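Peer 1: Quick mapping for you: the protein sequence lines, in order, are chains A and B. Under the UniProt record's numbering, think of the first position of the first sequence as 1, with each following residue one higher. Under the UniProt record's numbering, think of the first position of the second sequence as 1, with each following residue one higher.
Errors might be hidden in some of the hints.
Calculated from the model, a selection of chain A residues having no Cβ within reach of chain B, i.e. all distances over 12 Å [to be verified]:
no. : residue
1   : T132
2   : E199
3   : S202
4   : Y204
5   : V299
6   : H392
7   : L566
8   : L641
Below, a list of computed lysine-lysine pairs in the DSS-like style, where the Cα atoms sit at most 30 Å apart [unchecked claim]:
no. : chain 1 : residue 1 : chain 2 : residue 2
9   : B       : K377      : A       : K453
10  : A       : K589      : B       : K269
11  : A       : K356      : A       : K296
12  : B       : K279      : A       : K127
13  : A       : K589      : B       : K220
14  : B       : K269      : A       : K453
15  : A       : K444      : B       : K269
Restraint ranges, calculated between C-beta atoms of paired labels, are given here [as the list claims (entries may be wrong)]:
no. : chain 1 : residue 1 : chain 2 : residue 2 : range
16  : A       : F637      : B       : I330      : 20 to 30 Å
17  : A       : G376      : B       : Y282      : 25 to 35 Å
18  : B       : L251      : A       : I647      : 43 to 53 Å
19  : A       : K184      : B       : I315      : 49 to 59 Å
No wet-lab data here; the hints were simulated from the structure. In this text, all values refer to a predicted model and were calculated from it rather than measured experimentally. Ideal Cβ placement from N, Cα and C applies to all residues, glycine included.
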Amino acid sequence: MFVILIFFTVLAQCFNGKEVEVVEEEEVFTEELLLRPLPDRKVLTHFHFEHKAPFHHQHYRLFPKAIHQLVQKFRIREMELSFTQGRWNYERWGGFDPVSSRNVKPPGVELWAVFDVPPNQVDETWKNLTHTLSGLFCASINFLESTTAYSAPVWGFQKISGGLRYGALPREAVCTENITPWLKLLPCRDKAGLASILERPSIYNGFYHSQRLRLISRGFESQEGVKPEIVLQQTLTAVLQSDSQRTMTTNYGKKLQTSWSIRSIFGRKPNDICVLAKSSTIFLELDRGLVYELNKLGVELDTTSADNAAFELTVIPTRVIKEEKSSLNEGSPVVYEFSMDKFSPGKLQDIGLTWKHPIVWACLQAPYHTNRFLMGSGNERGSIAISLRSTHSGMGSRIDNVVDGSKVEVVVFQVVPWYVKVYYHTLQVFIDGQPKMVADVVEKLHVSPSEDKVSTGAMEMILKFPSDANLVVLTMEFDKGFLHIDEYPPDANQGFDIPSAVISFPNSQASITYLKENFTSSPMLQKFKEKSVLLSYTEVLLVPLATPDFSMPYNVITITCTVFALYFGSLLNALRRRVGEEERIFESKGKFIYVGDSTKIRLVPLLLQKLFPKLRTHQQQPQSSSPSSLLRSKLIFKVILVAGLAIGWHFYFG
Amino acid sequence: MEKIRWFWVWVIASLIFRLVFIYFPNDFILGSRAEIATPLTSLRRLAEGYWLKQSSMSPYAGSMYHGSPLLLSLLGPLTVLGTNGQPSYLLCSLLFVVADFVTAVLIRETGWKLQMAYSDRLKSLNLDKVLESSDILPAGDIASLIYLWNPLTIVTCLGLSTSPIENLMVVLSLYGACSGLAPLTAFGWVTASHLSLYPSLLVIPVIFLLGYGPESPPRKLYLQKTASSNGNNPVLGDHFFSWRPVIYFLLWATIWSSYFLFLCSISLKQYGGLPEMFKRTYGFILTVEDLSPNIGVLWYFFAEVFEFFRDFFLIVIHLNILFMILPLAIRLNHRPCFLAFVYIAIFSMLKSYPSSGDPALYLALVGLFVNELADMKFSFFLFCGYVGVALLSPVMHNLWIWRGTGNANFYFATAMGYACLQIILVVDSVSAMLQHDRMLQKLSRAQS
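Turn these sequences into a full structure, and let the hints guide you.
Peer 2: What follows is the structure in C-alpha cells.
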C-alpha cells in the first residue's frame, strides 16, 4: 500500500515536473517600469506587463483564463481597451516618443477590436464583447453596444482592414473598481513585483493616468512562419508628482528640478520580486531634449556611475542603453536599466534621482499640435473646428513626414454621435487663415453619415498640405438634434460629449532603436523599436443640447389632446348645425329666437334649443311600448357588437 | 384699367422688396430658423443631400435630406455654384422669387375665374341683387396681393426653404381645375403630393371643381328653382356632375405619377430605389422622426409622449386629418375651392413639420372668399392673434434656444396658441360660409 502511494507520488511529481518544464518554455510573463522626468517637475511612470502564451493550450499557469476565453469565444484578433482619466498635455509632456504616441489615450473608455468572424457577425460579436468586458472590468462598456455609440472605420483609424469596430465613452469615470480587475490579471496581482507599488490614492491623485489592455492573438489563420500565440500587454501610464516638493533656487535664479524617488512618487517601494515573472526591470529614461541639454553642460552619461555633474542616482544602474544612431544633433535618449533580479530580495532599493544642477528642457513634440473646438453659441447649431498647429520642432531628418517634396500627410478620424448632425458639404479648409479649395487639401475623404437614432457618423480623411503651413483649420457646420425625453441621460443640462478625434501622421514614426551591443530582450524596449504611426488625440467636446421640460409629459399630452378635441368637436358642430330646422322647432314651440340672420347666438337660448328636443323624446318614450322594445333590442345588439369587437381585439392584439 | 395698373405696381414693388433682401447677405440667418425651414423643406439639407449624391452616396444617407429626388436634381446644381466651392443660394432665391410671382398671378387668375362663375350662377338664380347690394371686391387681386405682401410669404421666400415651390404646385392644380384643364391640374396635384404628401387630399376638391365647376350657391336652390318654374329649366342642366373631365384628370394623374415614379426610380437606382424614397420621405412625414422644434405641436408632443403610446398617438393624429374629410366634402361640395382652402388649413395645422409657408398659402386663399366671408365673427381677433403669435414665437424660441433663460414650454405655448388660432379660423370660416349659403337660400325663398 505504502509502496503504491510512493509510486503514485513519484509519478505525479514526474508528470508535474515535465509539464512545468514545457510551460516554462512557452508561457512568459515580464514586468517593466519606465520612469522619465518631465520638464514640468513631474514624472512619467509607465508600467508594462506582458504575457505571452501559446495559442492552442488547454491549461495555463500564468496567462489569465478570462482573457483566453474571451479570445476563443469572440475570435478576437486584436483588441485594445483603455481607461483614462485626465488629458495628456501634448505640449509639455511631448507627443513624439513611443510612450506618448502609443499609450496616450483619450479620456474615458476607448475600445477597438478586430474580429476574425464573417462580416455579418461582426456587430453581434462586438455587442457580446462589450457586455463581457463591462462585466470583467466593472465599467459601463456595455453602452458601446448600441449602434449609436460605435462605428466601423474603413481606414482612418488604423490601417487594419476588415472587422474593425471602434467605440469610445468619453464620460466614463475611471476609478479603483476598474484597476482592481485589471491587476487581477497579473500573476502576482499587486502583492509582489512592480505592481505592488501601485498605491491607489497616489495614482488617482495624479495628473493623468491611463490603464490599457492590449491583446494580440495570432492563431486563427494558420500562417506559415507565424507562431500561434496570444500576447497580452497591460500598460499603465501615469503622470505623477513627487510628494516632497522641495524646490531650491540657485544663483542663476533658475529653479532646480524636483528630486524624486519611487517612494516619494507612489508612497511605496517594491518590497518583493514577483517570482513568476521572467524578468522585472526598472528603466530610467532621459529623453532627447534632456540629454541634449546635459551634453551641452558636458555631462558624461555613458558610464554606469550613479553620480555626475547634473544629477545623482540613488542606485547604481545595471547598465546604460543608448540609441543606435545619434544622427540628430539634439542628442539621443539614454536609458538606465535597473534589473530587479540582481538585487537580493528584501533589499530592494528605492530608485530615485536627485538633481544637482538646474536644467530646462522641452520634450519632443509631434509635428502638429492638434486641437478641436466648437464655434457658435446657442442650442440650435454650431461648427466643429479641428486645428493643426505646426510645432516647428523636430522637423529634421528624423521626421519623414514630407511626401512629394513639400507635402505633409495627416489622417483625421472623427466619430460624431447622431444628435450632432454634421453638414459635410460645409467642410471648409483654411491654411494660415486663407480659405482653400477642399479638393486641393483633402486627398481622400470617407464619410459615413449618421442615421437618426440608428448609427453614429464617422468621418475619415487624408489631408495633404504644404509642410510650411503653420496653421491648418478644418471647420464643419452642424445642427443640434432634439431627443426624446427618455434619451437624455441624467443631468441632461450638462451636455453631451463628442469622443476625441484621432489624428495620425502616417509618415512619421515614433520609434527608438537601441544599440545592438546592449541588445535587450525587454518587451517594452522591443515595443519601442517597432515602427508605428504617430497618433494624437484631440480634446473631448462638450455639446449642450436644448432640453424639453422633463416634468411635463402628462401636461403636454392632455393639453394637446384637448386642443385636438376642440378642433374636432367645434368643426363637426359647425358642419352639422341645421339652423333652419331649429328655427322651425322653436317657431312651433312659440319661442321666437331668431337665429338665422343674426350674428350672435345667445348662450341660454342655445342651451334650451339643445335641451328641448331631448326632453321631448324622453316624454314621448313611455307612451309607446313597441318602439321601446325595439330600442332595447337595438341596445342589446349594440352591446353585443361592442363586446364582440373587444373580444376580437383582445384575441388578436392583446 | 386704373385698378389693373395699381395692382401691377404693388406686385412689382413686392418683387423688388424681395430682391433687395436677397441682395443683403442675411439669407443664412433666416434659412436656419426653425419656423421657416423644416427638415423637409430646408435648402441646406437639400445641399447636403446633393453633396452626398455627388460623392456617390445615397442622398437619403444620414437622415439629412427628406425631400424628393427630382427636386434634388433640379435645385441641387444651383446650390453648389459659389465661390471657393462654398454653397451659394442666390440662384435658388431668385427661383423662389419667380415661384412666388407665378403663384400670385395664378391666384389672381383663379380669383377672376371664381368670381365670374359665381356671378353667372347667381344671375341664373335671379340673385344678382346680392352682387349689386354690397360692393363687390376684386377677390383675385386681393388674394394675390395678400400672398405677395404677407410677411410670412416674404420670410419663406427669403428663408431658403422649398415651400414656395410646393405652394406653387398646389395653386397650379387649383387654377387648372378652375379652368377645366385636366393635364395641368393633374400635374400640379401629382407634383404637390410628391413633394409633401398632404396635398394629395386635395384630390376631392379638385374632382368637385372639375365635375361641378367652380363655386356655386347650394344645389338645393336650383332644385327649388326647377320646382317653382315647372320643369323646363335651363339652369339645372350644367350643374350635374360631369364625369368626362374627372376621368381625364384621373387618367392624366396616373400618367404623371407613373412618369414621376419612373424618373425617381432612375435617379435612385443604385441607392435603394423607390422603397427607400417612400421610406425616407413619406415615412419620415408619417412617423414624425425629427423632434426639432417647429411651429406645430407634434414635435413636443412626440418628444414627451411615452414610447409605449407613440404608435397609438401617431395613428390618432393622422386620423384627425382624415376624419374631417368626409363631413366637409358632403357639406361643402358646392364650393370646391373653399373646400380646398379648408383642407389646406387643416393639414397645415396637423402636419408633422409645418412651416411659415403653409399659413402663407392658406391666408392668401382666404382672400379669394372676401365677399362670402365678410361676416366672419372673429376676423379682427384672428388678425391680432396671428400678429401676436408671429411676434411672440421667435422671442420664445430665442429665449429657449439661444439665451437659455426660457424653457421649452414657453415656445410650446405659442405653438399651442397658433394651433388654436388655426382652429378658430377654420371653424369660423366654415360657419361663415354656411351662413352665407343660408342667406342665399333665404333670399331665394323670399323671391319665389
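Peer 1: Against this structure, judge whether each hint is valid.
Peer 2: Do the hints match the structure? See the list:
At roughly 28 Å, the least C-beta separation between T132 of chain A and chain B is larger than 12 Å, which holds for a residue marked as non-interface. No beta-carbon of chain B is positioned within 12 Å of the beta-carbon of E199 of chain A; the least distance is around 43 Å. For S202 of chain A, the shortest C-beta to C-beta distance to chain B comes to about 40 Å, beyond the 12 Å cut-off, and the non-interface label holds. With a closest Cβ-Cβ approach of about 34 Å to chain B, Y204 of chain A is found to remain outside the 12 Å limit, as its non-interface label requires.
Even its closest Cβ contact with chain B, about 55 Å, leaves V299 of chain A beyond 12 Å, as expected for a residue assigned away from the interface. Under the 12 Å C-beta cut-off, the non-interface status given to H392 of chain A relative to chain B holds; the minimum distance is some 28 Å. With a least CB separation of 6 Å from chain B, L566 of chain A falls inside the 12 Å interface cut-off, contrary to its annotation. Annotated as non-interface, L641 of chain A keeps its C-beta farther than 12 Å from every C-beta of chain B; the closest such distance is 21 Å.
For the suggested pair K377 of chain B and K453 of chain A, the alpha carbons sit about 47 Å apart, so the restraint of at most 30 Å is broken. Between the alpha carbons of K589 of chain A and K269 of chain B the distance comes to roughly 72 Å, so the proposed pair goes past 30 Å and is violated. Proposed proximity of K356 of chain A and K296 of chain A is supported: the alpha carbons are some 15 Å apart, at most 30 Å. A threshold of 30 Å between alpha carbons decides the hint, and for K279 of chain B with K127 of chain A the separation of about 28 Å falls inside it, so the pair holds.
Annotation: proposed proximity of K589 of chain A to K220 of chain B holds, straight-line Cα distance about 27 Å (limit 30 Å). Among the hinted pairs, K269 of chain B with K453 of chain A is consistent with the structure: their alpha-carbon atoms are about 26 Å apart, no more than 30 Å. A C-alpha spacing of about 25 Å is found between K444 of chain A and K269 of chain B, which places the hinted pair at or below 30 Å, so the restraint holds. The supplied range of 20 to 30 Å is met by F637 of chain A and I330 of chain B, whose beta-carbon atoms lie about 27 Å from each other.
Evaluation of the 25 to 35 Å hint for G376 of chain A and Y282 of chain B yields a pass: the beta carbon distance comes to about 33 Å. Separation of L251 of chain B from I647 of chain A is about 46 Å and conforms to the stated range, judged on CB atoms against 43 to 53 Å. For the pair K184 of chain A and I315 of chain B, the beta carbons lie near 54 Å from each other, so the given range of 49 to 59 Å is met.
The structure does not agree with the numbered hints 7, 9, 10 stated previously, though it agrees with the rest.
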